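Peer 1: Here is what each chain is made of, one letter per residue.
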Amino acid sequence: MITPERARPAVAVPHGPVRARRPAGSALRAPYWMMTPSVALLALIVFLPILIAFYISLTGLNQYTIGDWLRAPFVGLRHYMDTLEPQGPFASSLFNSVKASLAFSLLTTALIMPIALGAALLFNQSLPGRTFFRTMMLIPYIIPTFVNAILWRQVFMNETGVVDQLLSALHLGSRETFWLIGPNSLWAMVIADVWAAWPFVYLMSLAALQTIPGELYDAATIDGANGARGFLYVTLPLIRPTLGLAVVLSTINHFNNFTLPYVMFGISPPEQVNVLPLNIFVNSFVTFNFGLGAAMSVVALAIMLTPAVIYLRAARVGDESR
Amino acid sequence: MIDVGKSTITRRRFLEVAGVGAAAVAMPGVMAGCAQAASTPATTSSKPSPATLSLFISKDTAHPQQQNQLMDLIKQTFEKQNPGSSFTWDTYASAAEEQTKLETGVAAREGPDIFEFGSTVVPTAYASGAFETITNSMWDELGGKKAFFQPQLAMSGPSPDKLIAVPWSGNPYALVINKAMFQAAGIKNPPKTWNEFVDAAKAMTNGKDSWGTAMAPADGFDPWHKIWLFATQMGAPLMDESGKKGLLDSEPSVEACAFWLDWMASFKIASRQCATYKGADEIKAFASGNIGMQVMTGPGGIPTYDQGPVAGKYEYVVGPTVPHGMSSLPAKGKPAQGFVSGQYLTIFKYSKNKELALQLIKTMTSPDIQYQLFKLRAQQPVVVETFAKHPEAKVAPWDALYDAELKSYPTPFFGSWLQLEVVLGKAINTIAQQIGVTGSYSKDALKAALTQANQQLAASIT
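So the sequence lines, in the order shown, correspond to chains Y and W. Take the first sequence: its letter number 108 is residue 108 in our numbering, and every next letter is one higher. Take the second sequence: its letter number 175 is residue 1175 in our numbering, and every next letter is one higher.
Keep in mind the hints are simulated off the structure, nothing from the lab. This one's a predicted model, so the numbers in the text were calculated from it and none came from an experiment. In this text, a Cβ means the ideal position worked out from N, Cα and C, and glycines have one as well. Do not rely on the hints blindly, as some may be mistaken.
What the simulated footprint calls covered on chain W by chain Y, stretch by stretch (three residues with Cβ under 8 Å from a Cβ of chain Y suffice, anywhere in the stretch; the number is not a length) [unchecked claim]: (1) 1122-1132; (2) 1270-1276; (3) 1410-1421.
Label pairs and their calculated CB-CB ranges [said to hold, decoys possible]: (4) W/Ser1242 with Y/Phe74: 17 to 25 Å; (5) W/Gln1307 with Y/Ser174: 26 to 34 Å; (6) W/Asp1240 with Y/Glu85: 22 to 30 Å; (7) W/Gly1325 with Y/His171: 25 to 33 Å; (8) Y/Arg130 with W/Gly1439: 45 to 53 Å.
Chain Y with its partners taken away, still in its complex shape:
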């Protein structure tokens, strides 16, 4: 059968490489002028705040000068030296926070991907009660983050929490195991976040799976591919761009998660969960050191550009492949 798109050759396609012909004069300028409002808006809501944050990072803005921030004393790169020089008073704090944020975001993403993909593969098939289960799976994603954090704080409380009581009942651990302090706190936060965030990747994966035409699986079956080979050679290549996007977005989202650690651990969290957004918040809004907070934000921005660049490159690769 010939699809309408195939049956409608709109333009004669020339042989060989095509060089776009540049329009001249006003025709050239017109489209760019039309972009001016968008560019201005982008500058106002994206670039201007970044520039101001950078400016604030060079000042000693604090509780004494917050009423007239343009007159805050200029301190140059002092905040950057305080945080980036090995002997700086905030160097170990920043380093620990970067480490905690990376560990948290990478671990969470690594755990979420197989769970979400497995669930998407399962519920992409015809199963009894599929609609019901698909709806149920979204519940963790719908619950507000602070409610989720309070719930998991109770679950992980030492002695009285469900986890300690369960471990004790099964003789797998003590009722006095600490989950909200010490090394276990990272796992507590990872588990809480995996529970809340996996439906996001599940939804993306399910949407991607539903775009794969059934004919491809039919063809693969005729060629002798079993279920596993069908997954490896048909499913995975076709949902790879979506999964890549999901990995990048998930990593960025978890890296920037503030509410969960703030509610679960407060403003004096264990160093294992003192993630960068929480550290910036405490420095900016609890100790009123806005200049330092802004400097840390600029550093965080630089770090987050890495997955952003990866994402943009991946998106471009996706365009070229079409």
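Got chain Y sorted already, so can you dock chain W onto it with the hints?
Peer 2: Chain W in isolation, oriented as in the chain Y frame:
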């Protein structure tokens, strides 16, 4: 000039406010509020014209319904006294919310007419320069400075001529003891020295379900409360007189911190489970009836105690004042029971209704409303006449709290004190977590954590 709604602001002001708002957007994921358009400060007039004021006060999470009742009563009284005027009120439930509102209001020069602050936030509010100085004539309107509980005025401003905050409620600290556990352990009198305290606590501890005391090192406030108490009794300030240099790693400061942490690590009079406790957890633990003493405790726990197994078995008493390892108070030591603590009302400098705001404060600090504050919300009144007019405000357990309030000392009135609270709390919390997980800590690690806290403090306030 640029017109923004009904208010008129200068172009420079618009850029300043827009700049702060833009900066808020730039800090990823953490900015809680954004600046709003500012308004021109109102000129004062001799008679307050009718208006609707706005208040921003702390949420009474222990007595939410009673707080509504009290505010309704205040509103009725205020509306009767000031025909045509009224007020709306909003609450904050955490210190972070309180500070964010302060920052946003100051940056935007727009906010509630009256802010309520805790005593240790008043210096920060003063540092911002965004609150009215209460002049002598304004104090006269409120009944004079002598009408207020005198220790409270120490946190109203840096000097008598620069007071910005009117006391609204007190939060005195005392030692609360479980009389049944004292009796069972054969202890007749509350401890007067910290040596006696440790001995009494050991006598009440069985290491399983009965503990001499409890602590809350994971709390945002409890660590500095206790360390300040021990250091003040030792005569060792935590900050120098300029307010620009912390003394957190001085020998007495380290000793003060070590003494508190040793309750879990060395003396083992507090459960290691306390490592995750916040203030409310400590109160709950004492209410369970398994804790012998709770140190430096305000009246906020009374409703919880009265609903738990400890009901009818507890008593507020004056706590120890002689430092651990000493037989008497050292030369510069102060017999402190706690610091001057409570809530204060301030008038926002950019309010258009400052005179009316003063009238509302007058209503709120009248003896009858102060008595209702005590009766409904279990808060200590701060207007002296209240105690004469309503003697039950000084009946047990409030008598001990009243005495303790007279033995409270102000914390240094520096805007940087709030920063000290945070860095000290984080250092203590880190070590307490080590104790929770491993059962011990090293003094070197404590010293290093306090040195780092001191460096961070220095970097934050210079």
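Peer 1: For every hint, state whether the structure bears it out.
Peer 2: Hints and how they fare:
no. : hint                                : verdict
1   : 1122-1132                           : holds (count 5)
2   : 1270-1276                           : holds (count 4)
3   : 1410-1421                           : holds (count 3)
4   : W/Ser1242 with Y/Phe74: 17 to 25 Å  : holds (22 Å)
5   : W/Gln1307 with Y/Ser174: 26 to 34 Å : holds (30 Å)
6   : W/Asp1240 with Y/Glu85: 22 to 30 Å  : holds (26 Å)
7   : W/Gly1325 with Y/His171: 25 to 33 Å : violated (44 Å)
8   : Y/Arg130 with W/Gly1439: 45 to 53 Å : holds (52 Å)
Going through the hint list in order, the structure does not satisfy hint 7, though it satisfies all others.
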